[in-house]
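Q: We have chain E; now place chain L onto it with these hints.
2 protein chains.
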Amino acid sequence: MYLTQGLHRCVQQAPGRTAIVFGERSLTFGELHVRVEKLAGALQTLGMKSGDRVSMLALNSDRYLEYLLGVWWGGGVLNPVNIRWSVPEIVYSLDDCDTGILIVDDHFLPMAPAIAEGAQRRPVLIYAGEKAAPEGMLSYEQLLAAAEPVADAFRGGNDLAAIMYTGGTTGRPKGVMQSHLNLWSSAVSRMAEFRSYDTTISLHAAPLFHTAAMARAVGHFIAGDTHVVLPVFDPRAVLESIERDRVEEILLVPTMLQAVLEHPEFSKRDLGSLKRIYYGASPISAGVLDKALAALPGIEFFHAYGLTEASPVVAVNPPANHLGAARESGLYRSVGRAGLGVTVRIVDAEGAEVPRNTVGEIVVRGANVMQGYWNKPAETAQALRDGWLYTGDGAYMDDNGYLFIVDRLKDMIVSGGENVYSAEVENVLSRHPDVAQCAVIGIPDARWGEAVHAVVVLRPGCESSEERLRAHCRQFIAGYKCPKSVEFRDAMPLSAAGKILKRDLRAPWWSKQSRQVG
Amino acid sequence: MYLTQGLHRCVQQAPGRTAIVFGERSLTFGELHVRVEKLAGALQTLGMKSGDRVSMLALNSDRYLEYLLGVWWGGGVLNPVNIRWSVPEIVYSLDDCDTGILIVDDHFLPMAPAIAEGAQRRPVLIYAGEKAAPEGMLSYEQLLAAAEPVADAFRGGNDLAAIMYTGGTTGRPKGVMQSHLNLWSSAVSRMAEFRSYDTTISLHAAPLFHTAAMARAVGHFIAGDTHVVLPVFDPRAVLESIERDRVEEILLVPTMLQAVLEHPEFSKRDLGSLKRIYYGASPISAGVLDKALAALPGIEFFHAYGLTEASPVVAVNPPANHLGAARESGLYRSVGRAGLGVTVRIVDAEGAEVPRNTVGEIVVRGANVMQGYWNKPAETAQALRDGWLYTGDGAYMDDNGYLFIVDRLKDMIVSGGENVYSAEVENVLSRHPDVAQCAVIGIPDARWGEAVHAVVVLRPGCESSEERLRAHCRQFIAGYKCPKSVEFRDAMPLSAAGKILKRDLRAPWWSKQSRQVG
Numbered sequence: 024m025y026l027t028q029g030l031h032r033c034v035q036q037a038p039g040r041t042a043i044v045f046g047e048r049s050l051t052f053g054e055l056h057v058r059v060e061k062l063a064g065a066l067q068t069l070g071m072k073s074g075d076r077v078s079m080l081a082l083n084s085d086r087y088l089e090y091l092l093g094v095w096w097g098g099g100v101l102n103p104v105n106i107r108w109s110v111p112e113i114v115y116s117l118d119d120c121d122t123g124i125l126i127v128d129d130h131f132l133p134m135a136p137a138i139a140e141g142a143q144r145r146p147v148l149i150y151a152g153e154k155a156a157p158e159g160m161l162s163y164e165q166l167l168a169a170a171e172p173v174a175d176a177f178r179g180g181n182d183l184a185a186i187m188y189t190g191g192t193t194g195r196p197k198g199v200m201q202s203h204l205n206l207w208s209s210a211v212s213r214m215a216e217f218r219s220y221d222t223t224i225s226l227h228a229a230p231l232f233h234t235a236a237m238a239r240a241v242g243h244f245i246a247g248d249t250h251v252v253l254p255v256f257d258p259r260a261v262l263e264s265i266e267r268d269r270v271e272e273i274l275l276v277p278t279m280l281q282a283v284l285e286h287p288e289f290s291k292r293d294l295g296s297l298k299r300i301y302y303g304a305s306p307i308s309a310g311v312l313d314k315a316l317a318a319l320p321g322i323e324f325f326h327a328y329g330l331t332e333a334s335p336v337v338a339v340n341p342p343a344n345h346l347g348a349a350r351e352s353g354l355y356r357s358v359g360r361a362g363l364g365v366t367v368r369i370v371d372a373e374g375a376e377v378p379r380n381t382v383g384e385i386v387v388r389g390a391n392v393m394q395g396y397w398n399k400p401a402e403t404a405q406a407l408r409d410g411w412l413y414t415g416d417g418a419y420m421d422d423n424g425y426l427f428i429v430d431r432l433k434d435m436i437v438s439g440g441e442n443v444y445s446a447e448v449e450n451v452l453s454r455h456p457d458v459a460q461c462a463v464i465g466i467p468d469a470r471w472g473e474a475v476h477a478v479v480v481l482r483p484g485c486e487s488s489e490e491r492l493r494a495h496c497r498q499f500i501a502g503y504k505c506p507k508s509v510e511f512r513d514a515m516p517l518s519a520a521g522k523i524l525k526r527d528l529r530a531p532w533w534s535k536q537s538r539q540v541g
Numbered sequence: 024m025y026l027t028q029g030l031h032r033c034v035q036q037a038p039g040r041t042a043i044v045f046g047e048r049s050l051t052f053g054e055l056h057v058r059v060e061k062l063a064g065a066l067q068t069l070g071m072k073s074g075d076r077v078s079m080l081a082l083n084s085d086r087y088l089e090y091l092l093g094v095w096w097g098g099g100v101l102n103p104v105n106i107r108w109s110v111p112e113i114v115y116s117l118d119d120c121d122t123g124i125l126i127v128d129d130h131f132l133p134m135a136p137a138i139a140e141g142a143q144r145r146p147v148l149i150y151a152g153e154k155a156a157p158e159g160m161l162s163y164e165q166l167l168a169a170a171e172p173v174a175d176a177f178r179g180g181n182d183l184a185a186i187m188y189t190g191g192t193t194g195r196p197k198g199v200m201q202s203h204l205n206l207w208s209s210a211v212s213r214m215a216e217f218r219s220y221d222t223t224i225s226l227h228a229a230p231l232f233h234t235a236a237m238a239r240a241v242g243h244f245i246a247g248d249t250h251v252v253l254p255v256f257d258p259r260a261v262l263e264s265i266e267r268d269r270v271e272e273i274l275l276v277p278t279m280l281q282a283v284l285e286h287p288e289f290s291k292r293d294l295g296s297l298k299r300i301y302y303g304a305s306p307i308s309a310g311v312l313d314k315a316l317a318a319l320p321g322i323e324f325f326h327a328y329g330l331t332e333a334s335p336v337v338a339v340n341p342p343a344n345h346l347g348a349a350r351e352s353g354l355y356r357s358v359g360r361a362g363l364g365v366t367v368r369i370v371d372a373e374g375a376e377v378p379r380n381t382v383g384e385i386v387v388r389g390a391n392v393m394q395g396y397w398n399k400p401a402e403t404a405q406a407l408r409d410g411w412l413y414t415g416d417g418a419y420m421d422d423n424g425y426l427f428i429v430d431r432l433k434d435m436i437v438s439g440g441e442n443v444y445s446a447e448v449e450n451v452l453s454r455h456p457d458v459a460q461c462a463v464i465g466i467p468d469a470r471w472g473e474a475v476h477a478v479v480v481l482r483p484g485c486e487s488s489e490e491r492l493r494a495h496c497r498q499f500i501a502g503y504k505c506p507k508s509v510e511f512r513d514a515m516p517l518s519a520a521g522k523i524l525k526r527d528l529r530a531p532w533w534s535k536q537s538r539q540v541g
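Protein sequences appear in the order of chains E and L.
Here the first sequence is numbered in our numbering, starting from 24 and rising by one per residue.
Here the second sequence is numbered in our numbering, starting from 24 and rising by one per residue.
Isolated chain E (complex conformation):
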């Protein structure tokens, strides 16, 4: 298979259907097909050969989706650049995967000269903004206007489709090598398991450079769905777009979902078209889930668990487990069961499967598992062992196969010889009515090795104290799991994907100490 296949199918069967809506602009599949054929031709003319990397540093747009398809159509490999990165980080990734072409939009134009200067191989710069191209850069629209359309290169199967640099929440960025088969397998397996409708209208509010959003775009390309695109996440824009574009489906990480639910416009917009919300990237708190379920009755919630190395989905917790008896039993806190086409085990440090309800590391096998890390054979050998992907995620599996993530293994706090899983403490803290957001980390402690430390953002207008929150926790969990200290902040440091950056929270505490990992 090849990731352009859905486009071939749509242009044959429904060329007039809307493919992309971006603000005032929209494209049918027939129009998208023409632009993709031309973009592929332009990139080839600029030197893109089979398997060459092409990077894009941009907010979401219709052109971002054209970039995905156009590079594949022309036989190239994607390198979507993390939009939160600094110039040195971007230069590192461009050098690492030897990018020959970089597409930049208006928002990132100021960084382009420094990136081009810094890179060992100066990339051809394409300006995909809304004005005239600056000197030294080629105009995306002029390239398309002048280009000859080319035939699909039909790269596919085990051919490399994308190099996705991992978020950078831990260590040096690694380029995850995702093949056409990896991405196709993950997307089609999810559709086989959960899709119960023909085509849908889907909103991209999360950044497309991130594997969760990009892989979702892949699924929509395969199915022939309509993509509605927002440049960046903004709760008001999300609400407006749902109403205006009759959006049926959206992916929102919990911090985004919370912002949408709490926005003043929430109750003023007609959200009747919305049918499904996918969430993931981080666990949802009981409080946010309750509020969401109350505010959007009838909506289906899917929790997808995955990682870039699994292209990305490993498990999905379906809507039924967010409701009724399954909800009451706590099943909503599961990330779901091994997805269709994916095999999952929980293993000990030696790689042996552990009994049910025992915490260990999640390992994954399937066509969705990455080919390895680009240029990093040692890290690849560490992650891929005997055909299994070692995720680094700690979890247990219940008797019915449901996975409960306890924490990133490296985030587990070891205090006085006891294991404390941050997620458990966070879950309790988040139930306190004053708490808007929280994160629990381990900090150095002379007596216990590590101490449990909570960082908390309070709801607007609320006040609280360390002692009050500790007393709340003591009601639900053992004393050694309760925060020894609590720090109040106005906001959390967030990754581009909306994940709380625990690394940043930990950094000031651990800068002069080495931390023991679980």
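Errors might be hidden in some of the hints.
What the hints assert, rightly or not - Simulated restraints, written as ranges between beta carbons of each label pair:
#1 E:G321 <-> L:T68: 53 to 59 Å
#2 E:T222 <-> L:P320: 23 to 29 Å
#3 E:R40 <-> L:W532: 45 to 51 Å
#4 L:S49 <-> E:G353: 30 to 36 Å
These aren't lab readings, by the way, just hints derived from the structure by calculation.
Even for Gly, the Cβ is constructed at its ideal location relative to N, Cα and C.
A: Chain L in isolation, oriented as in the chain E frame:
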């Protein structure tokens, strides 16, 4: 991916769910898993190495499904033997793919000695019947009882999964090489496109050696569905099983469907559990479809079009096109549109795409396309060109991408320089109230090269004449397309898959002449 993946998932998530029902016997997924692990171990002990072929010559049974999974679990490759074949044909195929092990049931026991004698490499014979194993054969159940369970060999992806010999309706049997990816892709893509339910109860009434039934079993394995198995197709047994086993889904080729509809028990059985009927292998006549739709209101009909070389599905015509305005417009006669994950074009003799509504040859591209014909590089090169599978099926595509098969290209009749497509004439003939079945072939004609000849089976109690049927045809199609001669028979020669064997109908006419193909 690997075709044992569904079993891993079911045994982890729902080991107590019913996997197989065969008469009075049934197995849970947990029990099936144990038997598969042991069968794989027994086969390895008997010499099956990675990639070795294991054959089975048997009617459908629970053990046939164990054979599929057990061979894959142990790392072997299937060679399911055509149950209509004579000893020399079977010996040819066993020799061709160098089979080391042959599993035989009670029904085919009498053929086993001659097959073992005839084969160049005498296979190990395993008796999978209901009595004590005959001398010189190993007992399937005793092998399982004594075997050590083994771990999954995890062969998958592009590894060979099965050699499926094509039906033999034309020429010498060819061993179609289907990989794990081929079969997985075809099954999962269909589920992604059409599945709108969790697990289902599915009846196997068509022979499992055939690619349509075997590939359906693959899909049910992936989804974790319950398989109900009949040893052979029998309309009364089908009706009884639907009622007793609460069957929800069934695959029936049109001749089988007709037999079920016309059986005296039809109106006496509770068929309320039945939700979906898949048909294919040959077109359905308007008469049979009308009867089926009237008798089973609310049932969903799916017409799947495919071929062994496409593992097998190319297109599916969904339920909506069998009803209402779509039905009236003739869309029910389409075999559907390019399926999800499949790219289809109609091309001319030079391989160039033809305009819509123009007859040409169907070519197919996708992960479902076979790896080639075993040991037949010339035939492989003929079938697979530039990444496209040449199907040999003549068709046109309408403006919305719907495919209309006009005939096997080689079945096209050239009469007086005009092309006559058998399907068109058959479609008209089948509308005559006296006609139960019909087939239209080309026979030698001194003046026209070929003449249109119809073979007809009348409905019970009906009488007709050549002239009456010709007059009927003349109402609907041009004179040169109407049968020049009509032959009345009591029954049609059928392949094991229920296809009318046109080769057999043609043979007496063409034995001394070479036929020009279109």
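Q: Against this structure, judge whether each hint is valid.
A: Now for the hints, and whether the structure bears them out:
no.	hint	result
1	E:G321 <-> L:T68: 53 to 59 Å	56 Å, holds
2	E:T222 <-> L:P320: 23 to 29 Å	28 Å, holds
3	E:R40 <-> L:W532: 45 to 51 Å	49 Å, holds
4	L:S49 <-> E:G353: 30 to 36 Å	33 Å, holds
In this structure, none of the earlier numbered hints is contradicted; all agree with it.
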